[in-house]
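Protein chains: 2
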Amino acid sequence: MSQFTPQDEQFMQRAIELAKQGRFTTTPNPSVGCVLVKHGEIVGEGFHYKAGEPHAEVMALGAAGEQAKGATAYVTLEPCSHYGRTPPCALGLINAGVTKVIAAMRDPNPEVAGRGLKMLYDAGVESAVGLLAEKAEGLNKGFLKRMRTGLPFVQLKLAMSLDGRTAMENGESQWITGCQARADVQVGRAQASAILSTGVTVEMDNPSLTVRWNELPEEIKREYPAENLRQPVRVILDFQHRVQPQHKLFETNSPVWLVSDRARDLTDFPDFCEEIIVEITDNPTTLFNVMRILGQRQINTVWGEAGATLAGALIEENLVDELIVYIAPKLLGDKARGLCRLPNVTELKDAPKWALQSAVKIGADLKTVYIREDND
Amino acid sequence: MSQFTPQDEQFMQRAIELAKQGRFTTTPNPSVGCVLVKHGEIVGEGFHYKAGEPHAEVMALGAAGEQAKGATAYVTLEPCSHYGRTPPCALGLINAGVTKVIAAMRDPNPEVAGRGLKMLYDAGVESAVGLLAEKAEGLNKGFLKRMRTGLPFVQLKLAMSLDGRTAMENGESQWITGCQARADVQVGRAQASAILSTGVTVEMDNPSLTVRWNELPEEIKREYPAENLRQPVRVILDFQHRVQPQHKLFETNSPVWLVSDRARDLTDFPDFCEEIIVEITDNPTTLFNVMRILGQRQINTVWGEAGATLAGALIEENLVDELIVYIAPKLLGDKARGLCRLPNVTELKDAPKWALQSAVKIGADLKTVYIREDND
Numbered sequence: 001m002s003q004f005t006p007q008d009e010q011f012m013q014r015a016i017e018l019a020k021q022g023r024f025t026t027t028p029n030p031s032v033g034c035v036l037v038k039h040g041e042i043v044g045e046g047f048h049y050k051a052g053e054p055h056a057e058v059m060a061l062g063a064a065g066e067q068a069k070g071a072t073a074y075v076t077l078e079p080c081s082h083y084g085r086t087p088p089c090a091l092g093l094i095n096a097g098v099t100k101v102i103a104a105m106r107d108p109n110p111e112v113a114g115r116g117l118k119m120l121y122d123a124g125v126e127s128a129v130g131l132l133a134e135k136a137e138g139l140n141k142g143f144l145k146r147m148r149t150g151l152p153f154v155q156l157k158l159a160m161s162l163d164g165r166t167a168m169e170n171g172e173s174q175w176i177t178g179c180q181a182r183a184d185v186q187v188g189r190a191q192a193s194a195i196l197s198t199g200v201t202v203e204m205d206n207p208s209l210t211v212r213w214n215e216l217p218e219e220i221k222r223e224y225p226a227e228n229l230r231q232p233v234r235v236i237l238d239f240q241h242r243v244q245p246q247h248k249l250f251e252t253n254s255p256v257w258l259v260s261d262r263a264r265d266l267t268d269f270p271d272f273c274e275e276i277i278v279e280i281t282d283n284p285t286t287l288f289n290v291m292r293i294l295g296q297r298q299i300n301t302v303w304g305e306a307g308a309t310l311a312g313a314l315i316e317e318n319l320v321d322e323l324i325v326y327i328a329p330k331l332l333g334d335k336a337r338g339l340c341r342l343p344n345v346t347e348l349k350d351a352p353k354w355a356l357q358s359a360v361k362i363g364a365d366l367k368t369v370y371i372r373e374d375n376d
Numbered sequence: 001m002s003q004f005t006p007q008d009e010q011f012m013q014r015a016i017e018l019a020k021q022g023r024f025t026t027t028p029n030p031s032v033g034c035v036l037v038k039h040g041e042i043v044g045e046g047f048h049y050k051a052g053e054p055h056a057e058v059m060a061l062g063a064a065g066e067q068a069k070g071a072t073a074y075v076t077l078e079p080c081s082h083y084g085r086t087p088p089c090a091l092g093l094i095n096a097g098v099t100k101v102i103a104a105m106r107d108p109n110p111e112v113a114g115r116g117l118k119m120l121y122d123a124g125v126e127s128a129v130g131l132l133a134e135k136a137e138g139l140n141k142g143f144l145k146r147m148r149t150g151l152p153f154v155q156l157k158l159a160m161s162l163d164g165r166t167a168m169e170n171g172e173s174q175w176i177t178g179c180q181a182r183a184d185v186q187v188g189r190a191q192a193s194a195i196l197s198t199g200v201t202v203e204m205d206n207p208s209l210t211v212r213w214n215e216l217p218e219e220i221k222r223e224y225p226a227e228n229l230r231q232p233v234r235v236i237l238d239f240q241h242r243v244q245p246q247h248k249l250f251e252t253n254s255p256v257w258l259v260s261d262r263a264r265d266l267t268d269f270p271d272f273c274e275e276i277i278v279e280i281t282d283n284p285t286t287l288f289n290v291m292r293i294l295g296q297r298q299i300n301t302v303w304g305e306a307g308a309t310l311a312g313a314l315i316e317e318n319l320v321d322e323l324i325v326y327i328a329p330k331l332l333g334d335k336a337r338g339l340c341r342l343p344n345v346t347e348l349k350d351a352p353k354w355a356l357q358s359a360v361k362i363g364a365d366l367k368t369v370y371i372r373e374d375n376d
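Residue numbers (our numbering), protein chains in the order written: chain A, 1 to 376; chain B, 1 to 376.
The reader is advised that the hints may include incorrect statements.
As the list claims (entries may be wrong) - Chain A is faced by these chain B residues, among others (derived, beta-carbon under 7 Å):
1) D163
2) C179
3) A183
4) G338
5) L348
6) K349
7) L356
8) A359
9) Y370
10) R372
As the list claims (entries may be wrong) - Computed footprint of chain B on chain A, listed as stretches where at least three residues anywhere in the stretch have a Cβ under 8 Å from a Cβ of chain B:
11) 157-169
12) 342-348
Honestly, the hints are just simulated from the structure, not real lab data.
As the structure is a prediction and not an experimental result, all values here were calculated from the model.
Every residue, glycine too, gets a C-beta built ideally from N, C-alpha and C.
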């Protein structure tokens, strides 16, 4: 039998809803929600919104005031135990007189990793872990993967026709999917720590690779005001130095990281543009090393928007955690351009396998989400 | 306000469920269900099972016996008015003393087309039409299209990887989709009047193109016993006379129609094999004429299983009513074989457009159903 009651579950569910409110802004921190309950009633709520701003527990304690004394705290992640930009939340809960803490999951952050719970235990505060743990995992796929492996969580976004084509033979591709699917892509970008693309794409399409607030769906706009908009870092794989200062990338004052194996003259590039130098290697591969560097730079999630070559390489090198494929209800025929180049796949048994997570209609298109099947 | 009550709807829904029991067997007839209701209670039920066997109304009247007097009949299609293999059902209802008939829809069959309702009216039997008409349409998409246009309803089945590929570069294709999706294909075949394929496919894959009862899902097997199995006619487009008597097609004693523009020597072919000779024309196209001939031969629905060339031709010539695409969660890469050849589509605006009807997971695969968007 579970140690948790249906009422516990209800409060934790509320804490998860609160945590979601930070999903566009908390990176590199995790999204966390907290609910304080006394005599079966919520006396304080909070969520983390942005690095440097109060943690969920602090916000909930502030809302509860004196009522926090004797309350139970429901937190979607183990309270922190370290002095970062804010003091440890475990200590805050103890000092406020909270008598019980229920956390959805442990924090794998090596700076916490059980120490928050230990701090509570040492202070005589009852604690329990594991309520709605799976949902809590889903809140922070990027942060959790980075804490556990040092690598970001990689989502590869693809948009194609029903027959798996991304452009006509002549390159024409605007637009294969409809405006609602494209608005959904903006939401995906908005939740990512970084957007990954290539110098070839920049040279061909000259995209800005920003989140365009105006294009977000109305319900997201209501929740996420324009003045709070956070732009993901734009990471451009550009070993051939194709990116030039006049590209649209540089019209938005927000970080661009150009990845190459050799330095270039950055004199004419704006200050928000910097270089990442990475050696070209086979084992581990260059792309793996790029991901490792992004992890070191606190990138939780990478949103890949790539042509067939980078998409195929990410897939073949097993670097994609989630495939997000928008399928337009059109047929372009077999001369049109393919979705991904997989030079090493010549037999059916070697074809990368995925597991379908969801398929929903967005406008006239179908949005499918696949996760990697562990067949490696 | 509707002239029908919720109770009426409930009885018609029951008639529709009954009608579905004939979906594997009634071709070239429509699937029809009938419920007789007296004092709010069902006194007789029936459905049409097979051409030459009793119509739904006759079966329901038989079940009701004397109770039919004064009853209301709920029928999914206007009762017939002509002497076919059985006498007119409208007359049967009148003679049994039924006092009211509610039909889901009119029968577009030119031999009926309102005459059944007129027969009832002339005999003083009250009647009404249009209850759950859309659902009733769905029971007989093939029959209704043939009655209205002379052409069969064409379903094109495609099975592909997530990146729209049907085989590796070397032709390897067994199996891209899983066994549950393949069982679902058997259900699709089993409901079709004819299966359409090509001599090239027969030469390459040597398929039997039959319904394999053993491979049907268990719930279908329970409903559709092996001894009642009807094999769809196999229609093979074979202008190059590739089909030979030793092909697996001929291991099952069931009609095979070989389509070509010139006769061949059929001496070594079994009796159940016959030829359809069609001229090669541009306007209307040869394929259109083949469909017209199949309509004349009372084929209600065609289930197409084709390679990229026939699939593309059917699509470009606007002959496909429903696209059924099984999407396997695999990526084969852009050297693998494409889904359909569309030589006339060179600009995005010319790409054939479809409307997504449904997307459901079957085993690990995704089954999507699209209907033609009227953009011609």
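Hint check results:
The criterion of a C-beta within 7 Å of any C-beta in chain A is met by B:D163, whose closest approach is roughly 4 Å, and the hint holds. This hint is violated: B:C179 has a C-beta 15 Å from the nearest C-beta of chain A, more than the 7 Å allowed. Hint status for B:A183 relative to chain A: violated, with the closest Cβ pair at about 18 Å, above 7 Å. Restraint check, B:G338 versus chain A: the minimum CB separation of about 3 Å is within 7 Å; hint holds.
A least Cβ separation of about 5 Å between B:L348 and chain A falls short of the 7 Å threshold, and the interface hint therefore holds. This hint is violated: B:K349 has a C-beta 9 Å from the nearest C-beta of chain A, more than the 7 Å allowed. Evaluation of the B:L356 hint against chain A yields a held restraint, the C-beta minimum of about 5 Å falling below 7 Å. With a least beta-carbon distance of about 5 Å to chain A, the hint placing B:A359 at the interface is held under the 7 Å criterion.
At a threshold of 7 Å, the smallest CB-CB gap from B:Y370 to chain A is about 6 Å, leaving the interface hint in force. Given hint, B:R372 at the interface with chain A, is violated; its Cβ is 10 Å from that chain's nearest Cβ, farther than 7 Å. Counting residues of the stretch 157-169 of chain A whose C-beta lies closer than 8 Å to any C-beta of chain B gives 8; at least three are required, and the coverage claim holds. Here the stretch 342-348 of chain A counts 6 residues with a CB under 8 Å from a CB of chain B, which clears the bar of 3, and the coverage holds.
In summary, the structure is inconsistent with hints 2, 3, 6 and 10 from the numbered list given earlier, while agreeing with the others.
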